[in-house]
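Engineer: Take these sequences, add in the hints, and give me the full structure.
Residue numbers (the working numbering), protein chains in the order written: chain A, -18 to 284; chain B, 1090 to 1484.
One should not assume that every hint holds.
As the list claims (entries may be wrong) - With a cut-off of at most 20 Å between alpha-carbon atoms, the simulated EDC-like pairs for lysine to aspartate or glutamate come out as follows:
#  : chain 1 : residue 1 : chain 2 : residue 2
1  : A       : K76       : B       : D1293
2  : A       : K69       : B       : D1292
3  : A       : K39       : B       : D1139
4  : A       : K39       : B       : D1304
5  : A       : K69       : B       : E1137
6  : A       : K69       : B       : D1293
7  : A       : K69       : B       : D1290
8  : B       : K1092     : B       : D1304
9  : A       : K69       : B       : D1139
10 : B       : K1288     : A       : D90
11 : B       : K1288     : A       : E42
12 : B       : K1288     : A       : D75
13 : B       : K1305     : A       : E42
14 : A       : K76       : B       : D1290
15 : A       : K39       : B       : E1308
16 : A       : K150      : A       : D90
17 : A       : K76       : B       : E1308
Unchecked claim - Facing chain B, a subset of chain A residues (Cβ under 7 Å, in silico):
#  : residue
18 : S38
19 : W49
20 : H51
21 : L146
22 : K247
Just so you know, these hints were derived from the structure itself, not from any lab. Don't be surprised by glycine CBs; every beta carbon is placed ideally from N, CA and C.
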Amino acid sequence: MPELVKERDKFADHLLCSGHTACPGCGQALAARLVVRAAGRNVIIVNSTGCLEIFTSKYPESAWEVPWLHSLFQNTAAVASGVEAALKVIGRLDKVRVIAQGGDGSTFDIGFGAISGMFERGHDILYVCYDNEAYMNTGIQRSGSTPTFARTTTSPPGKVSLGNLRPKKDLPQIAAAHGIPYVAIASVGYPMDLDRKIRKALSIRGPKYVQIHVPCPLGWGTEPSKTIDYARLAVNTGLCPLIEIEDGVKTAIKIPARVPVEEYLKGQTRFRHLLEGTGRKEEIAEIQRMADRNIEVYDLIAK
Amino acid sequence: MLKGKMIQGCRAIAEAVTLCRPRVISAYPITPQTLIVEELASMVAEGELDTEFINVEGEHSAASLVLGASATGVRVFTATSSQGLLYMAEVVFNIAGMRLPVVMVNANRSLSAPLNIWNDQQDSISMRDSGWIQLYAENNQEACDLVFQAYRIAEDHRVMLPVMVCVDGFVLPHAFEVVDLPSQKEIDAYLPPYQPIYKLDPDDPLTMGAFAEPDKYMEARYMIQRTMEASVPIIEEVGREFKRAFGRAAGGLFEKYRVDDASTVVVALGSMAGTTKDVVDDLRNKGQKVGVLRLITYRPLPQEALYEALKGAQNIVVIEKALSLGGSAPLAVELRSVFHGRPAPPRISGFVIGLGGRDVTVDDLKYAIEKAQQQLVDMEFIGLRTDLELEGVNA
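Structural biologist: Quick look at the structure:
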């Protein structure tokens, strides 16, 4: 290994280097750096089309210090399956880990079939979804992950609509239903938990799914300096439960106390239409019920 | 006495693929490709092949999977047909753009709608602009020989482009013919292990599939175009070396059959050429100077070689199992462009024939030749039924 690489090995923090072109306060950029830091050098990453791909790989520059491949939007899980199959056949799968990663658009929607195939075939791959709850790279369009009543450019609130009228798809449960050994939700607001989950996932053989909640200041209309605050509010309201499903057994990180969802909604322009004037009490109550349901189902508050 | 064994095309093609020692195979079943991958699956199951064989949930993923494996530095194979090729079209273009030497067999079949599982070549012709080298086989012997050559061409460091071997669905894979398959030792000598230029490797990390802004994108496409052009003599060279190694001609740019003194030359792709050669023999016996140019390498289109081969003819009769709806017969159009601006160009007529598995008969071919000898035919469908009411068509 070249001297320069050895020298750089001291700085695993920089396997995703600074100097990329992400927006200020990008939750995904921070989360991706934590993921590759946890994975270390012996990894091959396959990346979907999306913000992360665009802001790290503008030819002739690259922010990646690990082998990294981008093919298309919806085929990442299948491409990663090919990488894994090749490593297996040349006898290197015991040393090299494979990570497939993409945003919620490529994971929940267009690439879902390929991900289901990857899970079902049992490939030894960690699939990481950076979930910022809409198609941010193309300008904030609704995805299957967009939460109820959120404003996006394709689910705008209007005279007869209050934004996205459908609930967020429960992809972790769908992943778990494939019978894969490890499923988790993490948040960029809790980097120690995120780091632990990535390391744990990579220590398990077979398909793994980790979904990381990552605020997007541009898409959510939040202050870039508040990314971590909003990530933590999502967790502490119960809207983003930090769960793990290991061989079907669910556990969750407890939250200290129930924070009302309104604390999370306010300050995000994507929910502003719920809070303007006298406010949409009924809709806010509906979001509160979703948070309460998570708290109950995953037993989020210590008794 | 023919050398070889009586064998079904699909089995022969599958055996040819295994002789090339691909390390990762991925495919999704579609008629009439299925028999090829079934044979491969059974060989893997019997332990005859040290290969990861992966059944996927669709052709988009089959192509993506071999893309990923190829990028990791191993030899790969996939096969498809018709709708499957269209479904993976996005990945087909992507593989070429990433300069990965994937080899695919496409069992040529019509496109829906109406749904039809039988042979024509609309599927692969629709992928002509994808950056894949396309080779068309006349028979099962050649289908196998083109598979061997496909890897040589694709993995040549002067090329590094994917190759699609096109075999007429049902006509080849389902037919029993005598095929002479080389030994493993012979193929190992002809086709050394794949040596990637770049691959995904943690010991030497690199970024593959970076995006290019307008100031760089065009150059990437230009390089593929130049490589396509430069691969013409390499395809010829690989064909020559094959003949030297195995003693039979296969591959190359095209096959000329009684062309040199011909005033009328039929141009055809794939299995139709067999029938056409019979027609040519018949017409020659009647004193007509007719020949066949069977195009093997459709992409890159060997323009200069075609010009040289066809410049002595007065009539060129292009028969095609494909068309550009709203346009014309695609190969006829391209041949006209080859002769554009040249002195005394031949008359180039285009005929669409045999779509959706309709038989290509001797009478059909004779009709096309005769008509093209009398007049220029821009584009005509051969063998249309006259007993059906064609709705929306002005009779």
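Engineer: All the hints need checking, so say for each whether the structure fits it.
Structural biologist: How the hints compare with the structure:
Only pairs whose Cα atoms come within 20 Å are accepted, and K76 (chain A) paired with D1293 (chain B) is accepted, the gap being roughly 14 Å. Only pairs whose Cα atoms come within 20 Å are accepted, and K69 (chain A) paired with D1292 (chain B) is accepted, the gap being roughly 17 Å. Between the alpha carbons of K39 (chain A) and D1139 (chain B) the distance comes to roughly 38 Å, so the proposed pair goes past 20 Å and is violated. Annotation: proposed proximity of K39 (chain A) to D1304 (chain B) holds, straight-line Cα distance about 11 Å (limit 20 Å).
Restraint check: the Cα-Cα separation between K69 (chain A) and E1137 (chain B) comes to about 18 Å, which is no more than 20 Å; the hinted pair holds. About 19 Å separates the Cα atoms of K69 (chain A) and D1293 (chain B), which keeps this hinted pair within 20 Å; it holds. Annotation: proposed proximity of K69 (chain A) to D1290 (chain B) holds, straight-line Cα distance about 13 Å (limit 20 Å). Proposed proximity of K1092 (chain B) and D1304 (chain B) is contradicted: the alpha carbons are some 56 Å apart, above 20 Å.
A C-alpha spacing of about 11 Å is found between K69 (chain A) and D1139 (chain B), which places the hinted pair at or below 20 Å, so the restraint holds. Of the supplied pair hints, the one linking K1288 (chain B) and D90 (chain A) is violated, its CA atoms being roughly 30 Å apart against a limit of 20 Å. Under the criterion of a C-alpha separation no larger than 20 Å, the hint pairing K1288 (chain B) with E42 (chain A) is consistent with the structure, at around 18 Å. With a C-alpha separation of about 18 Å, the suggested pair K1288 (chain B) and D75 (chain A) falls inside the 20 Å cut-off, and the hint holds.
In summary, the hint linking K1305 (chain B) to E42 (chain A) is supported, as the alpha carbons are separated by about 12 Å, within the 20 Å threshold. At most 20 Å may separate the alpha-carbon atoms for a hinted pair to count; K76 (chain A) and D1290 (chain B) meet this at roughly 11 Å. Distance restraint check for K39 (chain A) and E1308 (chain B): the Cα-Cα separation of roughly 15 Å lies within the 20 Å cut-off, and the hinted pair is therefore satisfied. A threshold of 20 Å between alpha carbons decides the hint, and for K150 (chain A) with D90 (chain A) the separation of about 10 Å falls inside it, so the pair holds.
Between K76 (chain A) and E1308 (chain B) the CA atoms are separated by roughly 37 Å; this puts the pair beyond 20 Å, and the hint is violated. This hint holds: S38 (chain A) has a C-beta 4 Å from the nearest C-beta of chain B, less than the 7 Å allowed. Look at W49 (chain A): its Cβ gets to within about 5 Å of chain B, closer than 7 Å, so that hint holds up. Checking H51 (chain A) against chain B: minimum C-beta separation of about 4 Å stays under 7 Å; hint holds.
Because the smallest distance between the Cβ of L146 (chain A) and any Cβ of chain B comes to about 30 Å, over 7 Å, the interface hint for this residue is violated. A distance limit of 7 Å between C-beta atoms decides the matter here; for K247 (chain A) the minimum to chain B is near 37 Å, and the interface restraint is violated.
In the structure shown, a violation is registered for the earlier hints numbered 3, 8, 10, 17, 21 and 22, in ascending order.
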